[in-house]
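As a plain string of letters, each chain reads:
4 protein chains.
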Amino acid sequence: MALMTGEQYIESIRNINMEIYMFGKRVDSPVDDPILRPSLNSVRMTYDLAQIPEHQDLMTVISPETGERINRFTHIHRSTDDLRNKVKMQRLLGQQTAACFQRCVGMDAFNAEYSTTYEIDKKYGTAYHENFKNFMFYCQEHDLTVDGAMTDPKGDRSKAPHEQDDPDMFLRVVERREDGVVVCGAKAHQTGIINSHEVIAMPTIAMGPEDRDYAISFAVPSDTKGMLMIVGRQSCDTRKLEGSEIDVGNAEFGGMEALIVFDHVFVPNERIFLNGEAEFAGMLVERFAGYHRQSYGGCKVGVGDVLIGAAAVAAEYNGAAKASHIKDKLIEMTHLNETLYCCGIACSAEGQPTASGNYMIDLLLANVCKQNVTRFPYEIVRLAEDIAGGLMVTAPSEADMRDPKIGPIIDKYFRGVYEVSTENRLRILRLIENLSLGSAAVGYRTESMHGAGSPQAQRIMIARQGNIEYKKNLAKAIAHIKN
Amino acid sequence: MALMTGEQYIESIRNINMEIYMFGKRVDSPVDDPILRPSLNSVRMTYDLAQIPEHQDLMTVISPETGERINRFTHIHRSTDDLRNKVKMQRLLGQQTAACFQRCVGMDAFNAEYSTTYEIDKKYGTAYHENFKNFMFYCQEHDLTVDGAMTDPKGDRSKAPHEQDDPDMFLRVVERREDGVVVCGAKAHQTGIINSHEVIAMPTIAMGPEDRDYAISFAVPSDTKGMLMIVGRQSCDTRKLEGSEIDVGNAEFGGMEALIVFDHVFVPNERIFLNGEAEFAGMLVERFAGYHRQSYGGCKVGVGDVLIGAAAVAAEYNGAAKASHIKDKLIEMTHLNETLYCCGIACSAEGQPTASGNYMIDLLLANVCKQNVTRFPYEIVRLAEDIAGGLMVTAPSEADMRDPKIGPIIDKYFRGVYEVSTENRLRILRLIENLSLGSAAVGYRTESMHGAGSPQAQRIMIARQGNIEYKKNLAKAIAHIKN
Amino acid sequence: MALMTGEQYIESIRNINMEIYMFGKRVDSPVDDPILRPSLNSVRMTYDLAQIPEHQDLMTVISPETGERINRFTHIHRSTDDLRNKVKMQRLLGQQTAACFQRCVGMDAFNAEYSTTYEIDKKYGTAYHENFKNFMFYCQEHDLTVDGAMTDPKGDRSKAPHEQDDPDMFLRVVERREDGVVVCGAKAHQTGIINSHEVIAMPTIAMGPEDRDYAISFAVPSDTKGMLMIVGRQSCDTRKLEGSEIDVGNAEFGGMEALIVFDHVFVPNERIFLNGEAEFAGMLVERFAGYHRQSYGGCKVGVGDVLIGAAAVAAEYNGAAKASHIKDKLIEMTHLNETLYCCGIACSAEGQPTASGNYMIDLLLANVCKQNVTRFPYEIVRLAEDIAGGLMVTAPSEADMRDPKIGPIIDKYFRGVYEVSTENRLRILRLIENLSLGSAAVGYRTESMHGAGSPQAQRIMIARQGNIEYKKNLAKAIAHIKN
Amino acid sequence: MALMTGEQYIESIRNINMEIYMFGKRVDSPVDDPILRPSLNSVRMTYDLAQIPEHQDLMTVISPETGERINRFTHIHRSTDDLRNKVKMQRLLGQQTAACFQRCVGMDAFNAEYSTTYEIDKKYGTAYHENFKNFMFYCQEHDLTVDGAMTDPKGDRSKAPHEQDDPDMFLRVVERREDGVVVCGAKAHQTGIINSHEVIAMPTIAMGPEDRDYAISFAVPSDTKGMLMIVGRQSCDTRKLEGSEIDVGNAEFGGMEALIVFDHVFVPNERIFLNGEAEFAGMLVERFAGYHRQSYGGCKVGVGDVLIGAAAVAAEYNGAAKASHIKDKLIEMTHLNETLYCCGIACSAEGQPTASGNYMIDLLLANVCKQNVTRFPYEIVRLAEDIAGGLMVTAPSEADMRDPKIGPIIDKYFRGVYEVSTENRLRILRLIENLSLGSAAVGYRTESMHGAGSPQAQRIMIARQGNIEYKKNLAKAIAHIKN
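Chains as they are written, first to last, in my numbering: chain A, 8 to 490; chain B, 8 to 490; chain C, 8 to 490; chain D, 8 to 490.
FYI, nobody ran anything at the bench for these hints, they're computed from the structure.
Treat the hints with caution; some may be incorrect.
Intra- or inter-copy, both count: the list cannot distinguish identical chains.
Below 35 angstroms or equal to it, Euclidean Cα-Cα: the simulated DSBU-like pairs (lysine-lysine) are [claimed, not checked]:
| # | residue 1 | residue 2 |
| --- | --- | --- |
| 1 | Lys-329 | Lys-129 |
| 2 | Lys-130 | Lys-232 |
| 3 | Lys-95 | Lys-412 |
| 4 | Lys-130 | Lys-32 |
| 5 | Lys-161 | Lys-232 |
| 6 | Lys-412 | Lys-129 |
| 7 | Lys-232 | Lys-334 |
| 8 | Lys-166 | Lys-334 |
| 9 | Lys-483 | Lys-412 |
As the structure is a computational prediction, the values presented were derived from the model and not from experiment.
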């Protein structure tokens, strides 16, 4: 079959019986839950756009192995063009959803597993690469969405996995059987897990020999016995329950994150991609993180495009579009946003093939990319709030606007330029609120900070990749210093 | 009587019958409304602290006119010490509430009216100063909270009041009677109006002769016939309805803002402080804005103290308190916060007496103060989000935590350092969420941006007050350029 | 012949009899002048590196027209790989010289002329493209350095060329003859002109029909009759006269800039590339500026590498290399520098073919690149000054160090870690001084600001290229606003 | 006598026979040396302005002990008004000199010694306070300029004084005699030493018991036997030798720094203020640094005023004064500069009396002040370079301008707006160059970075003074966390 329609995707998720909890209750039908549905719609967009001829080249590729057309989210990058197209696809999706579309973690896990399993096998004669490829072909064929589960709860951050007071603070093997392993633990901040068919688990840090039981990677269906998910709260989450299209800012799209608990989950041998080869945990983490830090140079740029557009619309509705300081702020927002895009493109264009043949981004530049993403969206938001004006946080509810008595008063007093309806003015302000303070701010701000690793993680990589010794030698040569 | 207790204050507000709307319904008892009550508690703190001997010197003064002890919020500044103490009082209140305590607008309106009415009378022989002083004595005697209402809806921002398509876009006199005037219009973004006994209306911009009917200032009780308030939505507002103490982050304190509509409100002559003397509108605006821009160098610094503290607690609970980058970020937050305080203190210390005898802050430095407030809290928030970690936006609800099945899982997996309870860890993260994305972010971020005038308004004042011609002459003298 | 050695290049410049003035005197032998020679050495590096097999792929290309190996500086970009290699070549040269190597303006002028002349001819049937190609082949064959002369003196910046009080404020045709034109005017800030064999003149702004006489582009040898150059002063320029290798910081390499005056210079028809087709002036400017803004994402990054290295060496010599704040500052410098590189690479990777077949960089991203170059080098310098310590500006002269009495005192008291000689410590500090305050700061700071257009010029281009209308539509779609 | 005229001051310095070296030679008459004279002129301004009635209140005070009018630079602060007036005096002097006027270090040393000696005596029954007061009265009576010498060479920064390979890396007592002590060592970066009558030496860091011999403070005349000074190079220093008034940018004023070597210098008992009481070294350092960090909130602001003015003049001469981005950049420069001033004023206004009765600035805010000074002047310079345009670094020499042939060409082509002479345009650009890259940049940039302690020193103090535990408790109270 290869490519699913958006509708087929929705139904395929409806048919998975995941154990999901939210607000102290089991969620029976997450697909129909008003808080969760927008996140499903965002993932759906990765299917819908793949059906549109105009976007076919970006959204899909012909699989080099099977000759079938597959969704790019299930593809292994074979060139720097592939890497750049990934970033462009992500920008497009960010523009269409103004939210996190969640499917990237799986794509990034695919590409990290592909090359890492190849190198483990080469050293140990294991069959992880074959295992992984079979899983990959299965996902490509059925056009599945896969969650990439890396972040362990970590407990006390100053301690290694085996030093934690509670040994489950990092996901680990608790039993080794003939036909597979049994794992316990959890993965936190799992973006899009409830909208995923499968989940790939990976370690979250480089490990030493004592952490052998924690060096485990595998894939299982998201409704595997022993797994449960607890959905995290987001700013303004329950506003989606009120039935107001305007007040939520973005009525159609959103994101979600959850804790996945693995309570004695069995993983069959053929789904295992790493099992005890502790020294490869670091490689897997570094590559996944590298790809994922590249991703932010695409998706967040797309969301930034919407926010810049929204600020420009707000300025127009306020009657302030011609003020030079407003124009200058829009330029600054654009400049910062495109700087992020430059980083996403550059680490792609400078990609190199791995031993397995797939393409890896430039690690230094991908970390530089993500580091900027921990800064510029915050400044873009600040400028958007500046342009929007205070009404963004003092405007009344849609319920007031629809009220026969209060509605006309709101209509009268919250009108900006006379030609634009008050409703449209409030709609655009609510969108800016959504991205600045509301549920989308979780994705556009905090996730930009911590997703794919917190700022300090990138700084460590920049230090490691920056080749300071080479630069010291350059300086000594110019200064005529002989060592 | 002079000073009310907090309890008396609550009851005094309960007895006012304001016409308040929210979510399409009239609010019968705002004092008991879970969304609005936290904002009342914040104002109450201005009464509670005045009762505590330790804070008496900061919170109260002996009135130079009556010899009675009055709350500083009703006081006319008589020295630069008064101005500095105002800022210190505001910092203290910000620390105690982590929210906007709302009573400052009235204090700032008092001081602007005091000197401006004096100067109008001197030119026109009017009795505005006497009117204002009588009103002031009344407020001091009854320890009232007064809303300062300045910001008109403004409609199309590129047009003057009399040019608007709808003449009510700025508050105006629609009828002049023997015993007073009748006004129509509205005031937007009214912080704390529903927790106020009285409201002082002021024009929002400098005006020319054509805007004469818009040059009106007065005070009326907040339940005056013809007035109604529509409460604005805040991020996460309805979370307060859920009954969770933890999830709201700050269970006790908050802020609120509303639109006040004046629908043919009658104002008696003795309550009028400006009426058609259009050239004084600018002075009143400039002075009020000046005082209010000073205020932000106190209140937001206090809130910043709480956020810095919360980030430090979160780091400790995460087991990351000793990481050098964490310590450095806390230093940076402190540095930025204290820079704001420096600006609040400096514009106070450099204050000067007006013709009426009360003290005015240094206008240039007060605008510099506020301009920094439109920047640094955003960076402080960004650093707090960095330190807090992603859990701040992916943590589950208190309902999950209290659930017999899910609760223990949460307790296990969201624990940081082993010695600290998961509940306490979630409490501190929710407080950071509240200040970064939630209802307090409205006050700490967006209000820091637009309250007391948007950034561009300060830049215009900085240009006007910066004396660039003097600086040009300094440069020419050094460069030996003769004009 | 095709490729010259560095030595041959020096001799070829020696043989040109340019009319050069400096400090009120004609410079007889600029090649041997101690102030000017370092700038010649920098250009020479573009020849020397082309001879080194290791750098051959970056420094040279096989001409697609002639099959000869030519220096990349005379090449027309035929692919995005060419564009990226240009940036990498520039970074390499920046690393080797820690200065401006000056030859880029000619390369950028080549590529702008190539496509623009093609489009003019297409519209007007002129022969500019042929003219230009002949000139290009000549330069490729003889491996010449070409100055790209764009910036007119401009006089009063608020006036168009034809409105200036003095008509020569922009270079213009003063006589049209059968066999060519005669031009008058000047070009300011001409980087490397005295080290160039030829100069290409281009207009500096978009022009209207009234500016027809100013719409002129051509190439002439740099010793053409009627031309003279006045060398501009640089910070610490005369320090090069003192004979101290240490005190100059960078004893071998430097940059230079001059005013070129065209006093009735005759240009033969076959060397004319634009002559009165005023509407094409803008295209030529935009394309040249675009290429040149890309360039800064290479050359300044290379200089930045040296400065980062120098700061790291200084920290080591100070005994401070292990302090966490020092390490963090080096990371930040690296991060900023690589962000610039990302922009240089990205605008190259996203390049597109023009109608003439050569490749144009992405205009939006190239402007974003340069805009960042007007900011980050300043912050990199600031951090370098922080790490270096105050001794950078209080260290005594080499003359003191060589003095029998004073020398040992300096050796004793200015030693940092005991193992490193005081001389080496001073050498590295002088290099940092050179890049921060000295003659190289002219290139690394002020030229980063104004070269290839001042910051505001990029902002105008970002506004024009940013497609804000498209972004507004994205936002309206998300907010469900129908126009 | 009390107050000297500027002329008297010059003569008094001429009469001191200091041993000064520069460029490998002893300087016979520093007062007449073209490189050094401008720094003397800057100090002279502290005498000249004290003679002008308009500035009398700022520049002088009536000594509370003697009733004599003394220069404020020799005064002990007795109130927060004194502290604020100090800052205002410094701003005034910065405006008049656009340079470092050097006399502050002595004033700051005075105030630190005053209170510290008092507290040592109280603990140990020593007579340091009396010693110091006698020295102070002598300086007040003769209106002397005193150098405050704190910074030791420090050698390897990772080692304590007694751990250094060379024991002289910190100034120390090498012999204790009946009538005094003999000291060896050096003090680096001594601002204004050659223009000073006396020098006060102080330790540079907090010390432990093993560093007892390094815990020494005293005052000696600047021509004491055994002392010599080696003058440090500054950017563009030798330009002052060329005889061009224009090219130096600031022909009259400048700064200077030198190394002072103490080669077995004898200090009599009555001039000793600390001698072995190692635990008081930290107090003396902290207080001196605190006062000196306050100082930067005055002097650098004054220099900033000149730079802002110069940029505004340049914009006018370029014909760009009305461009909105230019106006905005001038506002930003003003905003940043006044923020520094706020910090200087605030730490003064919040000053407190010490045990000795003199007034100490608020230590936290003074460190915040200096920390901002390590940032904002760099940004102000960057903006000035932006406004000035590239001509600032490519303009020819005055010698060219005066040349009969070249002069008219320069006059023609470097004219901006037609009404302003080219000479004036070049004058203002040279002043900006002087402050951005030239000799004054040493004072305005690098000294802003490292003077009174490098940035990290302030961060350590901010951490220490920021009371993070108190802030943590505030946060816990709001979050309802019981410890």
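Alpha-carbon proximity between Lys-161 and Lys-232, which holds within one copy, between copies, both or neither at 35 angstroms: within (24 angstroms within a copy, 60 angstroms between copies)
Within, between, both or neither, where Lys-130 and Lys-232 count as close if Cα-Cα is 35 angstroms or less: within (33 angstroms within a copy, 72 angstroms between copies)
Up to 35 angstroms CA-CA - Lys-334 versus Lys-166, copy category: Only across copies: Lys-166 and Lys-334 sit 18 angstroms apart there, 50 angstroms inside one copy, limit 35 angstroms.
Alpha-carbon proximity context of Lys-329 and Lys-129, limit 35 angstroms: neither (63 angstroms within a copy, 38 angstroms between copies)
35 angstroms Cα threshold - placement of Lys-129 relative to Lys-412: neither (75 angstroms within a copy, 45 angstroms between copies)
Homomeric proximity label, Lys-130 with Lys-32: Cα distance no greater than 35 angstroms: Result: close neither inside a copy nor across copies, 47 angstroms intra and 69 angstroms inter.
Copy assignment of Lys-232 with Lys-334, given that the CA separation must stay at most 35 angstroms: neither (56 angstroms within a copy, 43 angstroms between copies)
Homo-oligomer pair classification [Lys-412, Lys-483; C-alpha up to 35 angstroms]: This pair counts as between: shortest inter-copy Cα distance 28 angstroms, intra-copy 77 angstroms.
Intra/inter-copy verdict for Lys-95 and Lys-412 if alpha-carbon distance must be at most 35 angstroms: neither (48 angstroms within a copy, 43 angstroms between copies)
Hints 1, 3, 4, 6 and 7 from the list above are not met by this structure, while the remaining hints are.
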